[in-house]
Amino acid sequence: MSNVHPYVGRAEPRVDGALKVTGRAKYAAEFRADDMVYAAAVPATIAKGRIVALDLSRALSAPGVLDILTHENRPEIPESDEPYLNDMVAVPGSPFRPLKDDRIVYGGQAIALVIADTHENARHAASLVAAEYEAETPVVDVAAARGEAYDTFEPRDGIPPPPPPRGDAEAAFEGSAIRLRHDYRVAPEHHNPMEMMATTVVWEGEGRLTIHTKTQGVINPKNYICAVFGLDPDKVIVNSPFVGGAFGMALRPHYDLMLATMAALKLERSVRLVLTRAQMYTMGWRPDTLQTVALSASADGALTSISHHAVQATSRYEDYQEPTVNWSGLLYDCPNVSLKYELAKIDTATPSDMRAPGATLGVYALEAAMDELSYELGIDPLELRLKNYAERDGNDDKPFSSKELKAAYAQGAERFGWSKRSPEPRSMRDGKELVGLGMATGCWEAMMQPHSASATLSADGRLEVACGTADIGTGTYTILSQIAADEFGLDIGDVTARVGDTTLPMAPVEGGSWGAASAGNAVRAACKALKEDLLKHARGLDGSPLSNAAIDHVAFANGRIALGSDESQSVSFADAVRASGQAAVSAKADFAPDEDFSKKFAAYTHSAVFAEVKVDEELGVIRVTRVVSAIAAGKILNLATARSQILGGVVMGIGMALHEETLWDKRLGRVVNANLGEYHVPAHADIQNIDVIFVEEDDKANPLGVKGLGEIGIVGAAAAIANAVFHATGRRVRDLPITIEKLL
Amino acid sequence: MINFGYTRAATIGEAIQAVAGDPQARFIAGGTNLVDLMKYGVERPGRLVDITRLPLKHMEDTPGGGLKIGALVPNSDLAYDARVERDYPLLSSAILAGASAQLRNAATTGGNLLQRTRCYYFYDAAAPCNKREPGSGCSAIGGVTRVHAILGASSSCIATHPSDMCVALAALGATVHVEGPDGARTVAFEDFHRLPGDAPEKDNTLAHGEMVTAIELPAPRFGSNHSYLKLRDRLSYAFALVSVAAAVELDGDRIAEARVALGGVAHKPWRVPEAEALLKGETPSPDAFGKAADRLLEGAVGQGENDFKIELARRAVIRALSQAAAGTPQVQSNKIVN
Amino acid sequence: MSPAQSGSAPEPVSVTLSVNGQTHTLSLEPSVTLLDLLRERLHLTGSKKGCDQGQCGACTVLVDGRRVNSCLQLAVMKDGAEITTIEGLGTPDRLHPMQAAFIAHDAFQCGYCTPGQICSAVGMLGEGHAHGPEEIRELMSGNLCRCGAYTNIVDAIEDARRGREAPTLGTPSLEAAE
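Residue numbers (UniProt numbering), protein chains in the order written: chain S, 1 to 744; chain Y, 1 to 338; chain G, 1 to 178.
For reference, chain S alone in the conformation it holds in the complex (with noise of 0.2 Å):
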């Protein structure tokens, strides 16, 4: 690529790109070690109740077993839940741990762990555990534990429980003649990312370990397993560079970490655990959740009241909870506004963060409700959301730090066509199939979290810049790459971006899009005081013609750092570095978000999602012909990897509004469809046109001026496809998946 600046705003291909199409970049399961063996899980095949006894014998004289390690003969792991809080995404309650007693608390909980010669040999073995159980009968439909339900939990860190009612909701709804209540459903969903969890410890020798997992923040897995064995920090690598997909899901340790570790550190040998489609279905999920939505508007369209209320599905032995109904107070200009946000426990593991977690389920029912609400009104969907346009957080009463959501209503509207829509249902026909155009708002926080980063030039003219941060596909090092190539003026072939080890400087998890903001800013400013310190040396050069410049007066390019107002006095990077009396200079610096900033200010990313579907009402049959998804996110850093995170969140919408469902057979308390085959995520002839639209958007939350993108992309698309059919068919599905049979 050639040396254009700025890199940050275009669309570069990624820095990766090569690694990836060429089979080269390396995932958590595809790194070795001599004499390494394999471990493979065993999964109960009850959902609750004990084991009684375990039958190993034939187990152990299979070929090639070295060892099986059940709850019976573990070696000693911590009682206390402490250890095991060392988990930076840890949620109330206390943490599953794999093996620890005869207690099984859900379907296809690992009950032995067999290790073997070759990945075969343990595979074989694993099939010949014998376990007897005492089985209790599970519950795992939230509808069953409904009555139950409670909101009595310790609130999950981070996760604000919903705001106290502000009006009179209920009053407003009864004194207000157009007024809807209706429940919805989004079927529990499963992240299904396409590399399964899979951890690959390496015995180094002397209590060293270098573990490569399948995590969306290295520091994690490391903080957990050094808490959990009692290691030495000092001894334990977590290297991670590359996560095929993880969508929250790896946000926490699974029970692949511990189980490898464990063997490992009791084989002293290196071990490889790589779990099955199947088991990709025995951890987090998207919970089950029952919402129930009320508005209620004045004739002219003007919201009187919205109360939305969720129960949520939880495990027996965490509270996970996500912010769900959070958004019906702050996406529109309410006087009357309630929320109640429920758990209800029951026999499953616990839930995790999946894509948006909260706001994917919570913003759905609201923009479905509001679609209802404009069919009632006669009102225009579109007009209906900018009547209710909300230009303050009814939450926190406080301003957005921006909201381009208008420019994205107005673009997408634009872009899709959304004026040649007839707003009648069923009035829009092509051949034998129904057209429906359906629209709907798209909202997530936009955050950003502590992050450190380190920065190195060499004399040779090549930039490292480097954060323990990871890139789940996101295009992490591609950003860096941009930013940091931009500061020093340097070709981004020049630049090397390292992530995913926790050797790099310290970084949080990578989840609620706040990566890019974080990462970036702290890449940005650790490049800043790389470049302090190199005008320093430059200084200091005998007769440097920059002996008096201050930073403000140079300027880095060409590989140089020459003064602004005379660019023949310069010095080269080389000489700067030279000067240094080192190989190379690096510099450190730390981000952390504005906290005065926040105070004052909202912050969140939006999103006018336009969705058509045209349906062949007899046979039940929906296609997504085109969805147009506008987005308001601040600075897009890079637009090619930046609409991919977009497509990639409305390719999962149009899966939540059509095709994806995990289903549990409530008398065995275990997932029938814990398959690829059988639980359906889109495929390549689900997906058309899909166009997206970046609308400016200058924010100030943070010297880059990014929001985030990893959820936004997925919020509201679902609502704008269900709304969508409906305006085909007439008919109003409020249960997802639409599946056939609900058009019949």
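Hints may contain errors.
What the hints assert, rightly or not - No farther apart than 30 Å at their CA atoms in a straight line, the calculated lysine-lysine pairs in the DSS-like style are these:
#, chain 1, residue 1, chain 2, residue 2
1, S, K742, Y, K291
2, S, K432, Y, K280
3, S, K432, S, K420
4, S, K340, S, K406
5, Y, K57, Y, K202
6, S, K599, S, K700
7, S, K432, Y, K291
8, S, K340, S, K398
9, S, K666, Y, K202
Hints in this document: simulated from the structure, not taken from any laboratory.
Given the coordinates of chain S, work out where chains Y and G should sit on it, guided by the hints.
Below, chains Y and G alone, put in the same frame as chain S:
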């Protein structure tokens, strides 16, 4: 998945002998279903007998003007064969509606007939299942039944047959060539697969050690008056909720002969000659097709979650027959149902 | 007595196959799949394990030029076969045109399904039945992408199919990426 022994067979006789003499042995060809089932622990063979080197990869014209297809012809080769595209486009279309291009490249003609059900509980080796473990009970009944049978089921089993290709073969009236320890025989396609009854462990009428060697198609007919219509939970790469293979022969504006088979609804491709007979002499119309559909679906009963399949099948039959009569068959890459 | 019933190891089978032009003669247990052979024994980890059941396409390789799911192929049955994996298509310095098109269209995010998508696309073009986006979508449906890069993948394949120069990323407009 368990470890197992392996024998590479050089001749048909050798292969049959190797399997017939070992109750734990199985033939393997494309492996696309068997290896998957072995990973789930559903199939636990002690020995696999590799038949991929056997001379069963050819297609030849038969004296009666039909086509004999070797059991090892890959699904994709069959679908894209020029003769098949020209003379048996319904078969080609049905194959291309199934699985993925990669699976079709590996899967064989014979193996397609021997696919096992996608019933969730058959795959869950920890759940009782009469098909997997005779006498253990049927977990599907009373469970998650959305994908299950509406026709020909029993109190022992409500599983469906997952093949698309077989639905077309049923409609076309194919014959299955079988060879076993007691010699060769032929089986009419409708007699090859069976209904579950009280022995759902038997998907078909093959004895242990018997091998499908070829599929024979009768002389081509129906021209462009056919259609394979598949309805499923996403627009590709999913098993059928309901599929229909339809073909009609027109005499002027009247139907001289009709064939309709359903997939995704029963333990075998579902065909009722009496339903087809109702269409003889009729002018193509939704009404006439509806009557045939009603006869075809006579006795259909749902399990609750899959009740919708009865109405869906009825509508799909009418649509597929309409496509067939109009000579506008469903194109599998085009997701608009014409 | 078969190995399933006994505690004994299954008898290894001698197999000779070619991978990316290099001949390997190996002694393998029958239960080793082609995918596990590539990843765990030949250390060619470009072919990915996404489901191990033929339901995702991440493991797609070319066997004698045909795209198949390597997770469902028993390696011992591939005696004499010529296998091409993503590593054999091109290298970072000498990209296959399909690999270059994937980069140019940002046709991936996490990269895990990508080798399978690319091998599948190359196999598909060899088959000669994909004549436009609609057919590409259908014939690529055996390759799932959870990051949802489908539209970019189809654009990349369509460019490679037409043999035309893919538009280069880097120009400061959104349209250029489309």
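Verification of the hints:
1. S:K742 / Y:K291: 25 Å, holds
2. S:K432 / Y:K280: Holds, because 28 Å separates the two Cα atoms, which is no more than 30 Å.
3. S:K432 / S:K420: 20 Å, holds
4. S:K340 / S:K406: Distance of about 28 Å is within 30 Å: holds.
5. Y:K57 / Y:K202: Roughly 27 Å separates the two Cα atoms, so the pair holds.
6. S:K599 / S:K700: 13 Å, holds
7. S:K432 / Y:K291: With a Cα-Cα distance of about 22 Å, the restraint between S:K432 and Y:K291 holds, given a limit of 30 Å.
8. S:K340 / S:K398: Holds, because 21 Å separates the two Cα atoms, which is no more than 30 Å.
9. S:K666 / Y:K202: 28 Å, holds
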